[in-house]
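Protein chains: 2
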Amino acid sequence: MNPTIMQVVPVTFTYPVHFTEHLFDPQHSLLDDTLSGNRPASDQVPRVLCVVDDGVLAAFPGLEAQIQAYFAAHPDLCLVAPPLAVPGGERCKSDPKQVERVHEAINTHGVDRHAYVVAVGGGAVLDMVGYAAATAHRGVRLVRVPTTVLSQNDSAVGVKNSVNAFGKKNWLGTFAPPYAVLNDRAFLTTLEDRDWLGGLSEALKVALLKDAAFFGWLETNAAALAARDREAMDYAVYRCAQLHLEHIAGSGDPFERGSSRPLDFGHWAAHKLESLSGYRLRHGEAVAAGVALDCTYAALSGLLPETEWRRILAVLRTLRLAVHVPEMGSGAQDAQDPGSVLSGLNEFREHLGGRLTIPLLTGIASPIEVHEMDHDLLRRAIALLDDVQAQGHVPSPALLDPQGAL
Amino acid sequence: MNPTIMQVVPVTFTYPVHFTEHLFDPQHSLLDDTLSGNRPASDQVPRVLCVVDDGVLAAFPGLEAQIQAYFAAHPDLCLVAPPLAVPGGERCKSDPKQVERVHEAINTHGVDRHAYVVAVGGGAVLDMVGYAAATAHRGVRLVRVPTTVLSQNDSAVGVKNSVNAFGKKNWLGTFAPPYAVLNDRAFLTTLEDRDWLGGLSEALKVALLKDAAFFGWLETNAAALAARDREAMDYAVYRCAQLHLEHIAGSGDPFERGSSRPLDFGHWAAHKLESLSGYRLRHGEAVAAGVALDCTYAALSGLLPETEWRRILAVLRTLRLAVHVPEMGSGAQDAQDPGSVLSGLNEFREHLGGRLTIPLLTGIASPIEVHEMDHDLLRRAIALLDDVQAQGHVPSPALLDPQGAL
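Going down the list, the protein sequences come from chains A and B.
Those letters in the first sequence? Residues 0 to 405, per my numbering, in order.
Those letters in the second sequence? Residues 0 to 405, per my numbering, in order.
So here's chain A without its partners, still in its complex pose (with noise of 0.2 Å):
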């Protein structure tokens, strides 16, 4: 019989991650920079698709036109077809047209291997297209620009993409770099409130995880990011999306083939509220009313000291991101119901694969991983929530005694 061959393929992805404002000003060169820059053959001219978010054309009238100009101005550049527009949010992902759509325009217009995707819009939209570039001839060069804080600190710098099928969400994906990612901090200026603020709860996430000074940063400047100041903003973009890419290239497991994913931090929660609220939560949304239910279960079970606990919900407050939410329901509720936050946790399980992983804190930027939680604590870990919330102030001490009020 033949030996046994042990392959081993190592391969290395590398991409620029830029921080820039008026990315589609006819005089700005860095998309001609990033698109030309590396041409198979001088004679040929880079053939680019723009699918943009309908959201975005909606907030930004003018982009259209403006990025038809750019490209009309930059002629070593070739814009294959007008900008496609593509539904905005969770429904895009939602909706097997949409894929179909991206490509049969990659199909029509000639997009190859050497050619570029370029997908505007928030982090749904770049998830589609992404997963729609990807799987196009196994995958053309996307440039990712992201316009929302959640997708410019978090999502649109990673790896992944994915659509929802089966009625669950990111079922189908694949780990796909970007060709580039580029940050336009003017688009995050329309951006409503709760999307300018919900996407602070990944940087407040990944600051708890990796970086007590960032979040000791994160507490000084809350009241100016609640207070939408652009300097604060760019300076919380750019410290969480540098975190999230140490993070994925540092890991050892870009590709998550592991059960731990230790960015994952309060997304179990975050995960089956955004699915119980039908997606009236954003994910930012989400994300911070599963922090604090993680930071509360581990000060209650004695993990997490108070003091730091009441910093971490103090920040969430300032930043005016709500602790409990109406899907976080009662302590009373039953782990088996699927209606019950407390079945997300199985449903976690299953979605990593293998063993349930949960990251914890022991302090500020001090985690440990845990293999189970206990149904009661969270009970009354939710309950306290609900409380904080329904009285706007965190709890005297006395309610985190384990003897106590709770």
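I should point out that these hints are in silico values taken from the structure, not numbers from a laboratory.
Here the structure is a predicted model, which means the values were calculated and not measured.
Each hint should be verified, as a subset may be incorrect.
[Stated by the list, open to error] Only pairs whose alpha carbons sit at most 30 Å apart, straight line, appear in this in silico DSS-like list of lysine-lysine: (1) B:Lys96 x A:Lys167; (2) B:Lys168 x A:Lys209; (3) A:Lys168 x B:Lys209; (4) B:Lys168 x B:Lys209; (5) B:Lys159 x A:Lys168; (6) B:Lys159 x A:Lys167; (7) B:Lys209 x A:Lys167; (8) A:Lys96 x A:Lys159; (9) A:Lys159 x B:Lys159; (10) A:Lys96 x B:Lys209; (11) A:Lys168 x A:Lys96; (12) A:Lys96 x B:Lys159; (13) A:Lys168 x B:Lys96; (14) B:Lys159 x B:Lys96; (15) A:Lys96 x A:Lys209; (16) A:Lys159 x B:Lys168; (17) A:Lys159 x B:Lys209; (18) B:Lys209 x B:Lys159; (19) A:Lys209 x A:Lys159; (20) B:Lys168 x B:Lys96.
Add chain B to chain A, keeping to what the hints say.
Then chain B, alone, in the frame of chain A:
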């Protein structure tokens, strides 16, 4: 403005390629060892979904029962459902319902990122199931059990999957290394001669590109291979798979981001011939004709010495692989006609993206790359091969003289 972050993500994919016999014999430990070797937690039994080529089920009527008996004898594994049969051959890649069926089975039976899809079949089935597995949950573990010469020595040991879309071969797909490849020589025994022999065209191809000693071995053993000598086939499969794996690991471009595809020797014509034949031609047969065409072109253009051209054609002849097929047409065809094999050149360029890059031989195991091919010379090569095939022998040297009969 914040500085650009250059993200570098190193990923190493590792997978074993085993060579064995009677994999599903309940006494055989290889499959169990493969599936239970990397268990996420000791209390969990690995879940396994089997998907099997219906052509293989027809050739081995006891196979389905044997697979079930295997898992019954190995209670440390959980077969989640009876094996799912899918149509064999190219038709499974052209019918989107087949991918949906595999996705549905993955969803229904709770196959997560730590569970396994075991795909048993020819290259087309492995391509289709591989695409479904790679996109479900961003990739569930795929164990390939290739059952043909061509898949055991070439496609199934590599890092690609695909299905057809928009009437185009492999339009949808991803790069996704398998979890393991289990080559079972017993599956080859029932192959039709045309599949036994056709699969050797990839062995000839890789020998011509990379290994003069292997070409010499093929010359010496062509008659034994044609007589279905199993030991000879074992070595031919092993050495071809090994050269293929070495190429992928050492190419520096395993995910084919450049324009060059050094292993696609003879493939511009092969892809077109398959398509023109409505897939009457098998891939291996088309590759044989494509290799013959590009070798003849190289000989006519003075690149490849005539003595080596004669040796190559002699091996093809001994293996009973046609050097000219009806779809290749005559020496009078119009390259602009989409029904002409010559139009395959431009389609190949579009498929690669970027610049046309074609490997040609200057000798055995001595390839170069060219970026254009002369249509008149190609027409002469086609006419010459038509003649060789019709006459049943390689013509006298004068035919290769540009001043000669052609």
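Hint check:
no.: 1; hint: B:Lys96 x A:Lys167; in the structure: 20 Å, holds
no.: 2; hint: B:Lys168 x A:Lys209; in the structure: 46 Å, violated
no.: 3; hint: A:Lys168 x B:Lys209; in the structure: 46 Å, violated
no.: 4; hint: B:Lys168 x B:Lys209; in the structure: 27 Å, holds
no.: 5; hint: B:Lys159 x A:Lys168; in the structure: 26 Å, holds
no.: 6; hint: B:Lys159 x A:Lys167; in the structure: 26 Å, holds
no.: 7; hint: B:Lys209 x A:Lys167; in the structure: 47 Å, violated
no.: 8; hint: A:Lys96 x A:Lys159; in the structure: 20 Å, holds
no.: 9; hint: A:Lys159 x B:Lys159; in the structure: 18 Å, holds
no.: 10; hint: A:Lys96 x B:Lys209; in the structure: 45 Å, violated
no.: 11; hint: A:Lys168 x A:Lys96; in the structure: 16 Å, holds
no.: 12; hint: A:Lys96 x B:Lys159; in the structure: 25 Å, holds
no.: 13; hint: A:Lys168 x B:Lys96; in the structure: 21 Å, holds
no.: 14; hint: B:Lys159 x B:Lys96; in the structure: 20 Å, holds
no.: 15; hint: A:Lys96 x A:Lys209; in the structure: 39 Å, violated
no.: 16; hint: A:Lys159 x B:Lys168; in the structure: 26 Å, holds
no.: 17; hint: A:Lys159 x B:Lys209; in the structure: 36 Å, violated
no.: 18; hint: B:Lys209 x B:Lys159; in the structure: 21 Å, holds
no.: 19; hint: A:Lys209 x A:Lys159; in the structure: 21 Å, holds
no.: 20; hint: B:Lys168 x B:Lys96; in the structure: 16 Å, holds
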